[in-house]
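Novice: Here is what each chain is made of, one letter per residue.
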Amino acid sequence: ETGVTQTPRHLVMGMTNKKSLKCEQHLGHNAMYWYKQSAKKPLELMFVYSLEERVENNSVPSRFSPECPNSSHLFLHLHTLQPEDSALYLCASSQEAYETQYFGPGTRLLVL
Amino acid sequence: AQSVAQPEDQVNVAEGNPLTVKCTYSVSGNPYLFWYVQYPNRGLQFLLKYITGDNLVKGSYGFEAEFNKSQTSFHLKKPSALVSDSALYFCAVRDGSADSWGKLQFGSGTQVVVTP
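As you go down the protein sequences, you meet chains E and A in turn.
All letters in the first sequence, in the order written, are residues 1 to 112 by my numbering.
All letters in the second sequence, in the order written, are residues 1001 to 1116 by my numbering.
Keep in mind the hints are simulated off the structure, nothing from the lab.
Keep in mind the model is a prediction, meaning the values are calculated, not measured.
Take these hints with a grain of salt, some might be off.
Label pairs and their calculated CB-CB ranges [unchecked claim]: (1) E/95 to A/1060: 15 to 21 Å; (2) E/55 to A/1018: 39 to 45 Å; (3) A/1054 to E/38: 35 to 41 Å; (4) A/1039 to E/15: 30 to 36 Å; (5) E/83 to A/1053: 26 to 32 Å; (6) E/70 to A/1040: 47 to 53 Å; (7) A/1005 to E/28: 43 to 49 Å; (8) A/1084 to E/83: 18 to 24 Å; (9) E/55 to A/1029: 15 to 21 Å; (10) A/1116 to E/79: 44 to 50 Å; (11) A/1111 to E/55: 30 to 36 Å.
Sample of chain A residues lacking proximity to chain E, with all beta carbon distances greater than 12 Å (derived) [said to hold, decoys possible]: (12) 1009; (13) 1017; (14) 1020; (15) 1051; (16) 1073; (17) 1094; (18) 1095; (19) 1097; (20) 1105; (21) 1109.
Cβ atoms here follow ideal geometry from the backbone N, Cα and C, with glycine treated the same way.
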């Protein structure tokens, strides 16, 4: 494994629910990322954190809210999602923001 | 702006034959190029990267890639494919500027199918 874990691995939620995705890296890295992977579409970068500071918000709707309490943990808080938000959400980390990224296994999200 | 293209949605190859997965890129500065592999229901695994130096880069699981600046290509190769190499392969590029915050541009992916 890569040293990046994500929980839960699968999540089903209704459009009115609130849930959170968790990512933890055990590599001592300083940068963390959230990506969205939808079928038939390239990976979409959502957020980038460097030293716990958000440095990139790639025009993501406000129903997605990231949180990085320390350099090892990254959360993605979800509320009032839409069915088109169903996708695989991948977390990644890198030593610094411009170095090789290592990915977690992803959370498969289904919004009903 | 940066972009990357993987012209083949799927590559089929018989086990034991050479495997090539194509990638071309466009970037304004110096390219940092990466290959990742994704197995079903898994995240992306790093295979190899080119930053600078020798144009032929060797990576994990017997894979290698050749950087060709004139053709702006970074094709992934393996001399003898295994059934276990069947997976989705992603090429990615980023501008070598340190202020791009690690922003990788991923290709759309190429599904590799290796038949026994």
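Novice: Now look at each hint and say whether the structure bears it out.
Specialist: Hint by hint, here is what the structure shows:
1. Evaluation of the 15 to 21 Å hint for residue 95 of chain E and residue 1060 of chain A yields a pass: the beta carbon distance comes to about 18 Å.
2. At about 41 Å, the beta-carbon gap between residue 55 of chain E and residue 1018 of chain A stays in the expected band of 39 to 45 Å.
3. The hinted window of 35 to 41 Å between residue 1054 of chain A and residue 38 of chain E holds, with their beta carbons roughly 36 Å apart.
4. In this structure, residue 1039 of chain A and residue 15 of chain E meet the distance hint of 30 to 36 Å, their C-beta atoms being roughly 31 Å apart.
5. Between residue 83 of chain E and residue 1053 of chain A the beta carbons are some 47 Å apart, a value that contradicts the proposed interval 26 to 32 Å.
6. Taking the beta carbon of each, residue 70 of chain E and residue 1040 of chain A are about 32 Å apart, not inside 47 to 53 Å as hinted.
7. At about 35 Å, the beta-carbon gap between residue 1005 of chain A and residue 28 of chain E misses the expected band of 43 to 49 Å.
8. Residue 1084 of chain A and residue 83 of chain E have their C-beta atoms about 35 Å apart, which leaves the hinted 18 to 24 Å range violated.
9. At roughly 19 Å, the beta-carbon separation of residue 55 of chain E and residue 1029 of chain A lies within the given 15 to 21 Å, and the hint holds.
10. Taking 44 to 50 Å as the suggested C-beta distance range, the pair residue 1116 of chain A and residue 79 of chain E conforms, at roughly 48 Å.
11. In this structure the hint that residue 1111 of chain A and residue 55 of chain E lie 30 to 36 Å apart at CB holds, the actual value being about 33 Å.
12. Residue-level check failed: residue 1009 of chain A sits 10 Å from the nearest beta carbon of chain E, not beyond 12 Å.
13. Its beta-carbon lying about 28 Å from the closest one in chain E, residue 1017 of chain A satisfies the requirement of being farther than 12 Å from that chain.
14. No Cβ of chain E approaches the Cβ of residue 1020 of chain A within 12 Å, the least distance being about 21 Å, so the stated non-interface status holds.
15. For residue 1051 of chain A, the shortest C-beta to C-beta distance to chain E comes to about 9 Å, within the 12 Å cut-off, and the non-interface label is violated.
16. With a least CB separation of 18 Å from chain E, residue 1073 of chain A remains clear of the 12 Å interface cut-off, as annotated.
17. Annotated as non-interface, residue 1094 of chain A brings its C-beta within 12 Å of a C-beta of chain E; the closest such distance is 7 Å.
18. Not every CB of chain E is more than 12 Å from the CB of residue 1095 of chain A (nearest about 9 Å), against its label as outside the interface.
19. Distance check on residue 1097 of chain A: its Cβ comes as close as 8 Å (rounded) to a Cβ of chain E, failing to clear the 12 Å threshold; non-interface status is violated.
20. Its closest Cβ contact with chain E, about 8 Å, brings residue 1105 of chain A to no more than 12 Å, contrary to its assignment away from the interface.
21. Not every CB of chain E lies more than 12 Å from the CB of residue 1109 of chain A, the least distance being 7 Å, so the non-interface label is violated.
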